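Participant: These protein sequences, in sequence, are chains B and V.
Residue numbering for the first sequence follows my numbering, beginning at 1 and increasing consecutively.
Residue numbering for the second sequence follows my numbering, beginning at 1001 and increasing consecutively.
Derived from the structure by calculation, the hints contain no laboratory data.
Among these hints, one or two may not hold up.
Unchecked claim - List time: in silico EDC-like cross-link candidates among lysine to aspartate or glutamate, alpha-carbon distance up to 16 Å:
(1) B/328 x B/269
(2) B/164 x V/1134
(3) B/223 x V/1216
(4) V/1298 x V/1356
(5) B/164 x B/289
(6) B/66 x B/183
Claimed, not checked - Coverage of chain V stretches by chain B, computed from C-beta distances (three or more under 8 Å per stretch; other residues unrestricted):
(7) 1015-1025
(8) 1131-1144
(9) 1178-1188
(10) 1248-1262
(11) 1301-1307
(12) 1344-1354
None of these values were measured; they are calculated from a predicted model.
For every residue, glycine included, the Cβ atom is placed at its ideal position computed from N, Cα and C.
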Amino acid sequence: MAMAVLTDARKRDLRRELEALVGRGAVLSDPDELLVYESDGLTLFRALADFVVFPTSAEHVSAIVKLANREDLPFVARGAGTGLSGGCLPAEGGIVISLMRMNRVLEVDYDNQVAVVEPGLVNLHLSWAVGPAGYYYAPDPSSQQACTIGGNIANNSGGPHTLKYGVTVNHVLGLEVVMPDGEIVWLGGKTRESQGYDLPGIFVGSEGTFGIATKIVVRILRKPQAVKTVLAVFDRVEQASAAVSEVIARGLVPAAVEMIDRLTIQAVEDAFGCGYPRDAAAAVLVELDGLAEGMSAQTERIVQACRDSGAREVRAARDEAERQLLWKGRKSAFGAYGRISPAYMVMDGVIPRTKLPYVLARVNEIVASHGLRVGNVFHAGDGNLHPNILYDPRVSGEEERVVQAGAEIMRLCAEVGGSISGEHGIGLEKADFMAFIFSPADLEFMQGLKRAFNPTGRCNPGKVFPTRKSCGEAGPSAYRPHPIEEKGLAQRF
Amino acid sequence: MDLGPYVVEGRSPEAAVFPGSVDEVRAVVALAATEGVPIVPWGGGTAASLGTPAARAGLVLGLARMARLLEHEPGDLTATVEAGMPVAALQTALRARGQWLSLDPPDAERATIGGVIAANASGPRRHLYGTPRDLLIGVTVVTGEGALVRGGGKVVKNVAGYDLPKLFVGSFGTLGIIVEVTVKLRPLPDAERLVAVRFDRLKDAGTAVRTVTGSDLIPSALELLDAEAGRSLGSGPGASLVVGFDGLAEQVAWQCDELRRLTAPLGGHGIAPLPDEAWSRLCTAARAAFATPAAVMKLVVLPVTVADVMEQGANAVRQRGLLSAWSAHAGVGVLTAAVFSPGGQADPAAIAAVLEDWRGMAGAGGGYAVLEWAPLTVKALVPVWDAPGAAGRIMQRIKAQLDPLAILNPGRFVAGI
Ligand SMILES: Cc1cc2nc3c(=O)[nH]c(=O)nc-3n(C[C@H](O)[C@H](O)[C@H](O)COP(=O)(O)OP(=O)(O)OC[C@H]3O[C@@H](n4cnc5c(N)ncnc54)[C@H](O)[C@@H]3O)c2cc1C
Ligand SMILES: Cc1cc2nc3c(=O)[nH]c(=O)nc-3n(C[C@H](O)[C@H](O)[C@H](O)COP(=O)(O)OP(=O)(O)OC[C@H]3O[C@@H](n4cnc5c(N)ncnc54)[C@H](O)[C@@H]3O)c2cc1C
Chain B
1 MAMAVLTDAR KRDLRRELEA LVGRGAVLSD PDELLVYESD GLTLFRALAD
51 FVVFPTSAEH VSAIVKLANR EDLPFVARGA GTGLSGGCLP AEGGIVISLM
101 RMNRVLEVDY DNQVAVVEPG LVNLHLSWAV GPAGYYYAPD PSSQQACTIG
151 GNIANNSGGP HTLKYGVTVN HVLGLEVVMP DGEIVWLGGK TRESQGYDLP
201 GIFVGSEGTF GIATKIVVRI LRKPQAVKTV LAVFDRVEQA SAAVSEVIAR
251 GLVPAAVEMI DRLTIQAVED AFGCGYPRDA AAAVLVELDG LAEGMSAQTE
301 RIVQACRDSG AREVRAARDE AERQLLWKGR KSAFGAYGRI SPAYMVMDGV
351 IPRTKLPYVL ARVNEIVASH GLRVGNVFHA GDGNLHPNIL YDPRVSGEEE
401 RVVQAGAEIM RLCAEVGGSI SGEHGIGLEK ADFMAFIFSP ADLEFMQGLK
451 RAFNPTGRCN PGKVFPTRKS CGEAGPSAYR PHPIEEKGLA QRF
Chain V
1001 MDLGPYVVEG RSPEAAVFPG SVDEVRAVVA LAATEGVPIV PWGGGTAASL
1051 GTPAARAGLV LGLARMARLL EHEPGDLTAT VEAGMPVAAL QTALRARGQW
1101 LSLDPPDAER ATIGGVIAAN ASGPRRHLYG TPRDLLIGVT VVTGEGALVR
1151 GGGKVVKNVA GYDLPKLFVG SFGTLGIIVE VTVKLRPLPD AERLVAVRFD
1201 RLKDAGTAVR TVTGSDLIPS ALELLDAEAG RSLGSGPGAS LVVGFDGLAE
1251 QVAWQCDELR RLTAPLGGHG IAPLPDEAWS RLCTAARAAF ATPAAVMKLV
1301 VLPVTVADVM EQGANAVRQR GLLSAWSAHA GVGVLTAAVF SPGGQADPAA
1351 IAAVLEDWRG MAGAGGGYAV LEWAPLTVKA LVPVWDAPGA AGRIMQRIKA
1401 QLDPLAILNP GRFVAGI
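For reference, chain V alone in the conformation it holds in the complex (with noise of 0.2 Å):
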């Protein structure tokens, strides 16, 4: 077959397989730990190329074909998935009986329920429902060894036994391969509305995200964007609050309206509605600010010094003879930055410095930062993943304990995991 598509670095795998079924995927595995072969579980790939470049091509082992939702009962506002339905998906077949899976990753047609939830990727909303860490309530897993393990349950509430769920999110296809997932749902908001507030200055943005946290707002999201990833947003010069809402129609618009009355003497102005495809661009937004990214970073500060991080970061780009671009899910910390060559080829060492800025920035206020995606060339230079300290010899042990042959994603993880 063509393997085109599982090509990742430029390494291509010694084959991909689908497997159909729970028992196919531990007869795969079981051949793959025989042989050593490492195994690449592969989702939508949509971040298959996040993380330490592989140093062995392995098998992908694709769960497309296992894409079914095999249970979904809307009293119990919970669902039972298999690991390889595009959200987009899921999201269709809950929405046909009132409910949703409150995440809302990017590329939610590609990006799979068990691959957002490896990866733990989570979009805007995460602001008001948190992130997979916080919906996932059962897993089950096909280990290294080909062993079918089963963590958590069907019932929201459950603490039997260690909470295998939140061991597998954001694992990154090191612990097990996810065949099935059960989550939590919630049932549709009456109404939803985004908007956007625009401040001249970054600083005042961020002075009223303070604010609305602190007020009686429940805002679904809370983004902040320069000003360059703001424009691909179709916002005028200045930084962008972004504003999520939902609930009965008349709390959304109450909370507009006091969204208007909090930030209006802060400087906010310009207060627009955007429309509803403007939700999913948001996740884009840096990424998409100019051409074509030469890096990009994920950092993840307190969320009180966003704008901070935000303003330093990009003054020192421009030092560099650089551009670049944020957004941020501004309550919760997690800052998205792309840097970009104006003079198209980009200068490895030159990207390694401003990202080596970046993560120093993160650091210093306790944070952290990935790099999310950059060239070979830069990853040559810059670690991906942010030194993990103690911690991090604790996560090597548990890879030991439950994957001992180290043949699931061997090497791409944090701590060399």
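Same shape as in the complex, but just chain B (with noise of 0.2 Å):
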């Protein structure tokens, strides 16, 4: 779509209006302070916006959307900018809205068992909030310690622990939301139901597309009396996705199943030492949480889950410390893959548990292929995959065979019934793949859902829905220089 572009004049009246909207401080449009902005945790992808905008109230959210729907701006609502498929990224040129100065916890209500907070809040600062009180927030991404309450509901992020309690959309039940109009409404509140369409239940996962979440209901739950996590260690990566179906044939829900394939655990052992045996083709991480009656005896069941696929060692921890050093190796991958390659792709797919010693095989063969290597990490429970392609940008033509190679895991996923994201969300990067899953009626029927909220486009344009005319086939363009990049304004690492 067409939008405005800005002379420099009319950039610095905008800007001195801005500021008289939200405060002097809380506007940047200088390019050298907007380029912190110009990608999330997917730097394939890259624009600059006009502005970027801190407001500290919904009423400042709703005064900027106004203004831009004046101007004819594209805008976008940011949060920690963690995201990994580029979707707070803005259309080149508009405002990009960053929430990160509403971050209070404005209520909590241990009765009901809800807190309001705003969009701003780190994940994990609701739960040190609420933890002296017996207490936690359960959606838990890994990127937890960064990421936005406002980015999870946008993302409908998830963590290791979806598979028992759900994810973001689980614990969602009220917001308040400045939609693209500018108008702020209450979609659902307090109350375990609303009446209606279920308007939270849609708003949570549209990517920032139906409008800018200023205020969130979440349901907050009691920590389990008792935690117990076992890890299972296999020379055969079927027998280790033998074990996760196993342990759910069993009759029980764990709180998370995790696995790690070989080439993680190398990398996890060279960086961290935390104990995974470096010959082992995988490890599989089982917790279980409840009540302490009957933990032991579970516990037990799924000691022997794995056994009976096959596993070479079985070990529960024995207490806290072990527990957070069985973890430690699952939740260190990501830095550890940073060790042993300059630069990583991660991809989010997802498939049915059932087809994991099949999608793997295929999974390391298309990597190959493209003469590449992937480490695998991800959350076997629910059939979530992480394959991270490691390359080395500065070799020319890397960078498009792992773009290539993520396209061919897809459709990969895709074949057997997959899905193209469990928890990144599609923004830019897989917008194009949309079409490997969704037949043109079905985009059709979710645009008009989106013209609903968003009738002009305004609000984060360019994101979810395929683009290209050959859609399907193209996969996302890989990395080409941004203009200041060219212009020796910025370099990229």
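Both chains are sitting in their own frames, so use the hints and assemble them into the complex.
Facilitator: If you want it as structure tokens, here you go:
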């Protein structure tokens, strides 16, 4: 869509006007300041906004959005920028609305087990706030030390404990939203259900294209009485995959079932020495939580399921320190790749759990066929794969091959009845892959839903839906130097 | 054919059609769209009279012939089902392989999986396991324009595209005809038990609810019944707190003991197990308290206020010389209240006044109330749906975008949709 291009003079005027709305020190428009906001965790895509604005209230957000509408400028909400699909990228130009200064816990109601928070609150900070009273916030993306609840809402984020506790949408009751036309409305509220269409339910996961959340009502849960974590080590990936299904077949719903493969184990051991055997083909981490009563019987069932699937070693953490150590291997995987490869691209696909052995083998073949290496660390319990393709951006052509391999992996996930995103969203990165799993009629229906919220398309344009004519075939275009890089104003590492 | 079973509120449909395939559903919708005839999607018909009375007769589109379990992969904990399959039949098929759909809507023999999703219906176990919203992962619908649209998928975790399954849950057939659904399953627990604790005062039972939700207990159900509703379960006088537990046998036993320990100091006594069939009677306990209810209302409030709302609501009824019975999914704040007329014939104006009282009480605490069942004379005086506020405009825009011909259950839903 064509949107306004601003002259320098117009920019100066608008900057002054924005400052009058939100205060000096809350508006950025110098190119070097804007650079920080030109990408999110996926640096493959970059775009510069005209302004980055830091509102501190819903009224601020509404005023900014109304101004954007008046000027025909696109706008996009931004949390911590940890998204991995380019979701919070501005269109070229327009306004980035950063929610980072709206980061308070507004209310905690323990009796009703809900909290009301601002969107810029860091996910983990909510659990810190309610922890002393024996509560926590269940959705726990691995990025929870940085990502915001607003960003979680937009991407419907999940984490290791999704298997038992669900994703963000299962914990959101209500939202105050600034609609794309600037109106402030409540969707849902503090009660457990709301009347009519499930507006909070469809707003969650809309990737910032339905409006901007300014207050969020979430459920908080009682901390479990007991937690038990088991590590099982396997010589063959198929055994590990079988163990995942076997654990579930034994009638238990673990809080988490995570898996890491050989390359990842080695990287982790090189970097941190967490005590995983370096020669293992795969390790599976199973966590149970709930009542103390019966916990040892359940743990025994898990241990037995892993042994029966061929585990060469199974150990349960005896205390919290040991438990943390077992998790450390899983949690430090991403950092460890950094030690063995100059760069890596995180893929995010989902498959039916029972297809794990086949899909993992195929992923390795696909990546190898492009002359690349892949490390797998993922939420095995819900079939959410994270193949991480390692590469060197300085080697010419390598990035293109990564992108190509990524597209093939996504197609594979679609072919086995899975999906092209389990948690990172579609954003810009996968917009053209939507056709792998959705028909034109499906996409048109979704576009209709989008029009109901965002009829002009100014709110986060270019995301989620395919844009290219040769829909589905081409992957995301590989990195091209941004104009300011060409001018020598910035460099890409 | 005999249209009798499909007469709703005295209005007979023009015809009832029972397609046997997705293509046939599309053909029927296409025809109705050309002719401008409203379509009434029909599952088991157990909630057919819920909603604003229809302004025009239409075509009943029944899903009864589309009732197969299409796929069940125990290792994936998912199942794909045709919308017309009755919930009980689905559960039987799943149970044979050690799993279940963790939903227990009333009248499960008749209620269909499509209808339950369209009505967002649930039962006592929603306390732990949530509602259709938490269990539906994929949906295939035929739109009011005859298009086939799929949302979500067959995997338990999926954020590709907008969450269309959420859109169809609770949409009461106004956005599309659900033809196929994929749901998340759970393994069957080793053991399950339902117990009742009695309290002389409703207030104390309310305190017990708070104590239980703030404790280490993990009940699967937490129901509060006043004396009238409790009677239909065979409880003695006073309020009953009915609690469900599942898991390993030793966990169930430990929790029952812990429940006794926690509630005794609050005045809880006579803790006793209930027979299995009591599970299915919990939902209808309020309606079944006296002869025929004059109206049934669902109130959604903050969980902590449930006992107060029950008490105030019952008082308001007594002052008007009528009777009431109350039950609640106490831990989640969803109440069912039935009003009865002691002399038989109820005066619609008096019933309407009670319902307005109740709606006011729910609204005062930030909640709302829906008239679940009432005769037309009462519906003429009290709106079925509560005022949706600014969100109602968004809902209207969604309906306008997605069912532009407005032929799916028109006029029966929230905000005039
Ligand atoms: C190391 C690492 C690990 C990760 N692990 C996980 C994981 O385990 N699970 C998982 O799900 N994700 C994971 N992610 C992805 C990412 O952290 C999540 O998607 C997160 O929710 C993004 O939050 P954010 O605040 O950084 O949002 P941003 O990246 O700033 O924005 C993401 C999207 O949200 C929109 N948005 C932001 N705020 C609002 C608002 N207030 N209203 C409306 N829209 C808004 C943006 O427009 C954009 O579309 C990981 C990322 C990294 C870098
Ligand atoms: C005595 C009684 C007590 C009840 N108590 C409760 C309760 O406590 N809690 C609760 O949540 N519910 C309650 N209900 C509601 C009821 O359980 C559900 O609404 C019911 O399960 C719906 O299933 P059905 O197949 O009978 O749907 P129907 O009654 O046939 O249809 C219900 C609605 O869904 C639409 N619909 C049906 N099938 C489809 C489809 N395939 N696609 C699109 N739209 C469709 C219909 O048009 C209609 O609007 C109660 C109902 C009764 C009769």
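Participant: Going through the earlier hints one by one, which of them does the structure break, listed in rising order?
Facilitator: Checked against the structure, the hints that fail are numbers 7 and 12, while the rest are satisfied.
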